[in-house]
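Novice: Given the sequences, and given the hints that come with them, work out the whole structure.
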Amino acid sequence: MVKKKVAKFLAFRYKILALIFIILAGGLVFLPKYKKHEGIKPEELLSNVINPERYISTDELAHKIIAKDPSIILVDVRSKEDYNNYTISNALNIPLSKLLDEESEMYLDQDQYDLVLFSNDNFYADQAWILCNRLGYNNIKVLDGGINQWFLTIINPPVPTENMAAVDFEKYTFRKAASMHFGVAYPEQIKVDKPVVVKKAAPKKVITIEKKKKAPVEGGC
Amino acid sequence: MGPLIPNGVIPGDWDSIIAILIGLVFGFVLEASGFSSSRKLAGVFYGYDFAVLKVFFTAALVALIGLYYIDYLGYADINLMYVHPTYLWGAIIGGAIMGVGFVAGGFCPGTSLCAVAIGKIDAIVYVIGIMIGVLIFSELFSFFQPLYEGSFMGNLTLMDSFGINPYWFIFIFTTLAIGIFALSDKIRERVKKIFY
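Protein chains in written order, with the numbering used here: chain S, -2 to 218; chain C, 2 to 197.
These are computed hints drawn from the structure, not numbers from a lab. Every value quoted in this text rests on a predicted model; they were computed, and no experiment measured them. Misleading hints may appear alongside valid ones.
What the hints assert, rightly or not - Derived BS3-like pairs (lysine-lysine); straight-line CA-CA distance at most 30 Å: (1) C:Lys121 <-> S:Lys1; (2) C:Lys41 <-> S:Lys5; (3) S:Lys5 <-> C:Lys187; (4) C:Lys55 <-> S:Lys1; (5) C:Lys194 <-> S:Lys0; (6) S:Lys168 <-> S:Lys61; (7) C:Lys55 <-> S:Lys12; (8) C:Lys55 <-> S:Lys5; (9) S:Lys5 <-> C:Lys193; (10) C:Lys121 <-> S:Lys12; (11) S:Lys191 <-> C:Lys121; (12) C:Lys55 <-> S:Lys0; (13) S:Lys61 <-> S:Lys173; (14) S:Lys12 <-> C:Lys193; (15) C:Lys194 <-> S:Lys1; (16) C:Lys187 <-> S:Lys12; (17) C:Lys55 <-> C:Lys121; (18) C:Lys55 <-> C:Lys187.
Stated by the list, open to error - Non-contacting residues of chain C with respect to chain S, defined by C-beta distances greater than 12 Å in every case (computed): (19) Tyr47; (20) His85; (21) Pro110; (22) Gly134.
Ideal Cβ positions, reconstructed from N, Cα and C, are used throughout, including at glycine.
Specialist: Printed below as a string of structure tokens:
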């Protein structure tokens, strides 16, 4: 009895399958549409923005540069003139206006290296960071404080006062050494050798003793 | 999340291994459903068996509808999927040649290899023919090159070239396919039955 019912039902199997197909395809048409976000989701972007790990401190960066860390690429997002005036050694120049060009994509869209963006302050570097993050690029960091901070801490480190902690002194020593690496000279570093006064030895007086001339043999006796 | 390989969920090095696994399953299903018989394939052209048409059309539809649902639910991005590049005239002429070979030999390249696997002599001859064709093509490649690389239109889909909403396109395409299935059943009833 049951078998007969099943057989009766199965006689329509192709029609049922066709109906399922049409319902599924029609479902796609009638489903409410929503606008898809390009790139990463807003929640993800927000969590990336508030993550402090997106910053790299000047000390860390100085350490990496001095250790010749091959995994970092420095990117200067300021204008070309500023870049030509001064930049951190070995930095690339991708001005903010050219960030979305095809040429720069080659450098930015990769996951082998840690990219460090910097500008005079955080401002432009942060803008560049947001754009890159939105496009889904990986491993992008911002130099905390930019070149200004770089100057204040690494190139021209403040001398700790006597009532400061030992850590500050250690930091100062590191920064001072780092600044020397980047070409800053300190007065105490420059050893001025005192001119060694070489006493002139007084010329020896040569006293010539005249030998007595032998007197010619005289006939004696 | 998806597609898995472009997003790096599965490393790209697994490409060939996954291809081999899918190929094995595909070959098994082809053979199990009798597609390694040249009579079954030629049946589409003579009108006594439309299984091949129905199976491949249905497979395409299932994949199409399924992918768009997955895309809608956000599990995969349809824009990251691989789309085969279109070389218009090369595709038209190549398709015509393959169609003739299909009717004359009763195999498509995939099913011919299936049939070789179960030891059919006609399939072995067919595959040797394919190899000779490949040899001729590669020897005369400089002659065929303008056709082969000409009229390049980019990685187009039907939706791009018609410029209509993909969801409506899928709906129209599905109803069209079901109409074709019904029509093919009507034709099969008219044509003299052949047992093979």
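Novice: It remains to establish, for every hint, whether it holds in the given structure.
Specialist: We went through each hint and held it up to the structure:
1. A hinted pair counts as satisfied when its Cα atoms are at most 30 Å apart, and C:Lys121 with S:Lys1 does not qualify at roughly 41 Å.
2. Straight-line distance between C-alpha atoms of C:Lys41 and S:Lys5 comes to about 28 Å, which keeps the hinted pair within the 30 Å bound.
3. A hinted pair counts as satisfied when its Cα atoms are at most 30 Å apart, and S:Lys5 with C:Lys187 qualifies at roughly 21 Å.
4. Proposed proximity of C:Lys55 and S:Lys1 is supported: the alpha carbons are some 28 Å apart, at most 30 Å.
5. With a CA separation close to 29 Å, the supplied pair C:Lys194 and S:Lys0 stays within the 30 Å bound.
6. Restraint check for S:Lys168 and S:Lys61: satisfied, since their Cα atoms lie roughly 15 Å apart, inside the 30 Å limit.
7. For the hint linking C:Lys55 to S:Lys12, the alpha-carbon distance of about 14 Å falls within 30 Å, and the restraint holds.
8. Distance hint between C:Lys55 and S:Lys5 is fulfilled; the C-alpha atoms sit about 23 Å from each other, no more than 30 Å.
9. With a CA separation close to 27 Å, the supplied pair S:Lys5 and C:Lys193 stays within the 30 Å bound.
10. At roughly 36 Å between alpha-carbon atoms, C:Lys121 and S:Lys12 are farther apart than 30 Å, so this suggested pair is violated.
11. Note on S:Lys191 and C:Lys121: the hinted pairing is violated, with a Cα-Cα distance of about 101 Å set against a maximum of 30 Å.
12. Between C:Lys55 and S:Lys0 the alpha-carbon distance is near 28 Å, which keeps this suggested pair within the 30 Å criterion.
13. With a C-alpha separation of about 15 Å, the suggested pairing of S:Lys61 with S:Lys173 holds against the 30 Å cut-off.
14. For the hint pairing S:Lys12 with C:Lys193, the CA-to-CA distance comes to about 24 Å; that is within 30 Å, so the pair holds.
15. Pair hint C:Lys194 plus S:Lys1 holds up; C-alpha atoms about 27 Å apart against a cutoff of 30 Å.
16. Between C:Lys187 and S:Lys12 the alpha-carbon distance is near 14 Å, which keeps this suggested pair within the 30 Å criterion.
17. Distance hint between C:Lys55 and C:Lys121 is fulfilled; the C-alpha atoms sit about 25 Å from each other, no more than 30 Å.
18. Straight-line distance between C-alpha atoms of C:Lys55 and C:Lys187 comes to about 14 Å, which keeps the hinted pair within the 30 Å bound.
19. No Cβ of chain S approaches the Cβ of C:Tyr47 within 12 Å, the least distance being about 22 Å, so the stated non-interface status holds.
20. Under the 12 Å C-beta cut-off, the non-interface status given to C:His85 relative to chain S holds; the minimum distance is some 23 Å.
21. In this structure C:Pro110 is separated from chain S by more than 12 Å, as the shortest Cβ-Cβ distance comes to about 28 Å.
22. At the 12 Å boundary, the C-beta of C:Gly134 stays outside the reach of chain S, the nearest C-beta of that chain being 37 Å off.
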